[in-house]
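There are 4 protein chains.
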Amino acid sequence: MSFIQTARRAQIIEAAIETVAAIGYGQASLARIAGQAEISKSVISYHFSNKEDLLEKVVEQVLSDWNASMRPLLEAEPTAAGRLAAYIRSRLAYLRENRRRVVALTEIIMNHRDADGRLVFAERDAEPVDELLAILRAGQSAGEFRAFDSMVLAMTVTQALEGAMTRWAEQPETDLATYAEELVTLFRLATDTQEPER
Amino acid sequence: MSFIQTARRAQIIEAAIETVAAIGYGQASLARIAGQAEISKSVISYHFSNKEDLLEKVVEQVLSDWNASMRPLLEAEPTAAGRLAAYIRSRLAYLRENRRRVVALTEIIMNHRDADGRLVFAERDAEPVDELLAILRAGQSAGEFRAFDSMVLAMTVTQALEGAMTRWAEQPETDLATYAEELVTLFRLATDTQEPER
Amino acid sequence: MSFIQTARRAQIIEAAIETVAAIGYGQASLARIAGQAEISKSVISYHFSNKEDLLEKVVEQVLSDWNASMRPLLEAEPTAAGRLAAYIRSRLAYLRENRRRVVALTEIIMNHRDADGRLVFAERDAEPVDELLAILRAGQSAGEFRAFDSMVLAMTVTQALEGAMTRWAEQPETDLATYAEELVTLFRLATDTQEPER
Amino acid sequence: MSFIQTARRAQIIEAAIETVAAIGYGQASLARIAGQAEISKSVISYHFSNKEDLLEKVVEQVLSDWNASMRPLLEAEPTAAGRLAAYIRSRLAYLRENRRRVVALTEIIMNHRDADGRLVFAERDAEPVDELLAILRAGQSAGEFRAFDSMVLAMTVTQALEGAMTRWAEQPETDLATYAEELVTLFRLATDTQEPER
DNA sequence: TATGAATGAGCCTTCATTCAT
DNA sequence: TATGAATGAAGGCTCATTCAT
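Chains as they are written, first to last, in my numbering: chain A, 97 to 294; chain B, 97 to 294; chain C, 97 to 294; chain D, 97 to 294.
Among the hints, a few may not be true.
Note that the list lumps identical chains together, so a pair holds whenever it fits in one copy or between two copies.
[Unchecked claim] Restricting the straight-line Cα-Cα distance to at most 25 Å, the calculated cross-link-like pairs of lysine to any residue (SDA-like) are: (1) LYS153 to ARG104; (2) LYS153 to GLU266; (3) LYS153 to GLU223; (4) LYS137 to ALA211; (5) LYS137 to ASP149.
It is worth saying that the hints were derived from the structure and are not from the lab.
Take the sequences, apply the hints, and build the full model.
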């Protein structure tokens with residue numbers, strides 16, 4: 097792929113992210129995205145075979161970027177508890193600095209459907225959950241964590257982070273670093289081996 | 097309002113719920129909803145002034161039904177901890193028996209926007225959070241709960257329940273009753289006054 | 097026709113006049129007219145076989161009322177010149193006191209068409225012109241008026257009055273009595289036997 | 097703008113004129129106009145942002161064409177009386193050769209309203225009146241014309257020309273050149289300084 | 001590599017009319 | 001005498017996509 101190809105595609109993907117984040121999946125037509133990129137509509141058609149193709153590239157790009165930013169932070173932690181905390185902190189840190197990307201990603205994953213009404217990118221949503229599952233199960237095997245249903249916990253952590261985003265979207269003055277520490281504490285208590293006596 | 101009016105409106109609202117739950121907000125056109133109800137498109141226009149009007153009635157109907165089913169269970173609990181557990185259990189119980197309604201509700205709340213791109217029903221989403229906030233703060237005042245950021249916890253509980261729904265939607269064999277108990281334990285640990293020594 | 101019939105029909109006709117005058121022929125739907133009359137749409141359908149039927153009754157009613165108000169004033173004048181002046185004055189006087197009726201009449205006559213695009217009430221517009229033609233030709237026979245094309249003059253007088261209405265509609269502070277006298281003078285000069293030397 | 101753009105736009109404008117003139121403003125839907133032009137409905141949407149946009153372009157095109165055809169004839173006349181006569185003659189001459197355009201123009205100006213019910217192009221109707229006003233006032237200043245209300249006279253001349261159009265529309269055998277001379281005489285008599293003795 | 005032009009399908013809404021009650 | 005209910009047709013408009021250049 098030529099340099100110009102790559103640059104154009106990146107530009108269009110960026111415009112799609114911007115548009116979807118700003119006005120939502122539903123109103124983000126190719127015309128709007130083209131307008132955002134200040135190019136003609138057919139340029140998009142030329143570089144992407146489909147609207148779906150474009151959206152898929154957006155999802156891929158954001159997800160891989162996100163993973164790339166998180167991976168080294170996770171691997172630096174020796175314990176499962178440490179990795180769980182790092183997971184929470186790093187995801188919220190990414191969120192804080194890439195809000196439009198994450199909003200766009202969520203919009204697309206939650207809304208883009210095929211002709212039969214099925215969510216096309218539903219599985220992509222599961223990737224971060226799988227990541228978490230691995231961490232949690234390792235912690236349980238190592239005796240760091242108590243015996244919980246790891247799937248429930250993975251879902252809950254994932255959703256908690258989504259909730260932080262929602263909250264931040266509605267109240268931009270929310271301090272995400274503090275929010276992260278609250279969640280770290282919350283999930284430490286929820287996973288710790290030592291239950292408090294009662 | 098005449099009997100026939102009430103019946104038709106209920107039928108249309110039900111068809112709208114069914115349609116939105118099945119194929120998502122974005123594809124749920126009046127034509128599809130009318131098709132689902134096996135009536136002509138203009139019957140909807142006759143009974144509702146707008147598509148937005150119809151959606152609003154759907155939101156209202158589901159939310160009030162939901163609240164009504166939850167209220168007595170909450171009020172039966174004397175302690176904040178009990179009310180928190182009851183909140184989790186009753187919401188998941190409602191979910192289990194009214195999945196289409198809740199899916200449709202979420203779809204509409206998360207997607208319906210006005211001409212300026214603002215989510216019209218955003219506030220309706222906040223109602224259950226406010227409910228939770230009250231419970232959590234009461235628990236803190238009474239010394240039942242530790243000193244956490246109540247907003248973070250309220251968001252997290254809300255999101256955890258939504259996560260249960262998502263999980264159940266994707267894997268229908270999920271046992272929501274067990275899921276509920278996992279969450280009850282999780283949030284008991286996360287809120288309890290007695291922190292474990294470390 | 098029963099009393100109640102007559103009253104209802106009159107009420108509906110009045111509402112139609114009001115509505116057409118207020119928002120124009122194009123937007124004056126049966127629903128709007130019914131709203132103006134504070135009755136249900138089907139009441140109109142019951143009393144008039146058609147929308148066209150209703151409009152026809154409106155035209156008839158306004159035209160006959162107008163003629164009735166003008167006739168005695170014309171017949172009181174012995175000379176053609178007097179009758180021409182009386183015609184101008186009386187039409188503008190009627191206009192001043194029945195603006196909504198006249199506006200509605202004009203809207204309907206100028207806009208209501210059948211399926212083939214033909215103006216249905218075009219002929220009704222010609223009635224006042226015929227009236228004028230008779231006056232002008234009588235004046236020419238009697239030697240009161242110079243030798244002009246009576247059709248041109250009849251059209252011009254008619255249009256001049258319409259112009260007064262338009263002007264008054266746009267600038268309500270226009271004094272129609274003064275306007276009438278200007279027109280009387282104008283058409284006296286234009287019709288008089290004695291041409292000024294030049 | 098490309099050649100093809102210009103051509104298509106002109107074609108669509110022409111089709112709109114044809115359609116509006118033939119079946120009136122009210123029935124002139126985009127579908128009908130597209131049918132007249134033998135193109136698909138969405139071609140219109142592609143070249144004009146709106147139905148209103150199209151209508152505006154029609155009004156603009158006809159008015160500027162009309163003005164352009166009249167201007168040199170007016171400026172060739174040294175006296176106000178000459179300009180008034182030239183105004184009458186040239187407008188009727190334009191009418192004779194552009195009847196569909198003028199009919200369409202009038203239909204649109206008299207009927208197109210915004211959402212609040214206001215006639216959108218009302219002001220465009222006033223332009224020819226302003227032109228006339230200038231001529232009449234100049235004639236009065238120069239002592240060529242008697243002391244009349246110039247606004248009344250301007251309206252009356254304008255309406256007289258419209259009357260000629262109406263007449264011609266209904267009776268196509270009307271000789272507009274003769275009609276013009278009748279009006280020239282009429283308004284010469286009506287404006288001349290020398291009143292006939294009486 | 002880029003794009004202007006065109007299109008058919010579908011969107012929501014309004015409308016005059018019909019019909020059973 | 002009145003009307004609530006229903007409907008099909010048509011309205012203007014947006015959309016993703018295709019195609020020739």
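Outcome of the hint check:
1. LYS153 to ARG104: within (13 Å within a copy, 36 Å between copies)
2. LYS153 to GLU266: Only across copies: LYS153 and GLU266 sit 24 Å apart there, 27 Å inside one copy, limit 25 Å.
3. LYS153 to GLU223: So LYS153 and GLU223 pass the 25 Å test inside one copy only (16 Å; across, 36 Å).
4. LYS137 to ALA211: both (23 Å within a copy, 21 Å between copies)
5. LYS137 to ASP149: both (15 Å within a copy, 22 Å between copies)
The structure is consistent with each of the numbered hints, conforming to all of them.
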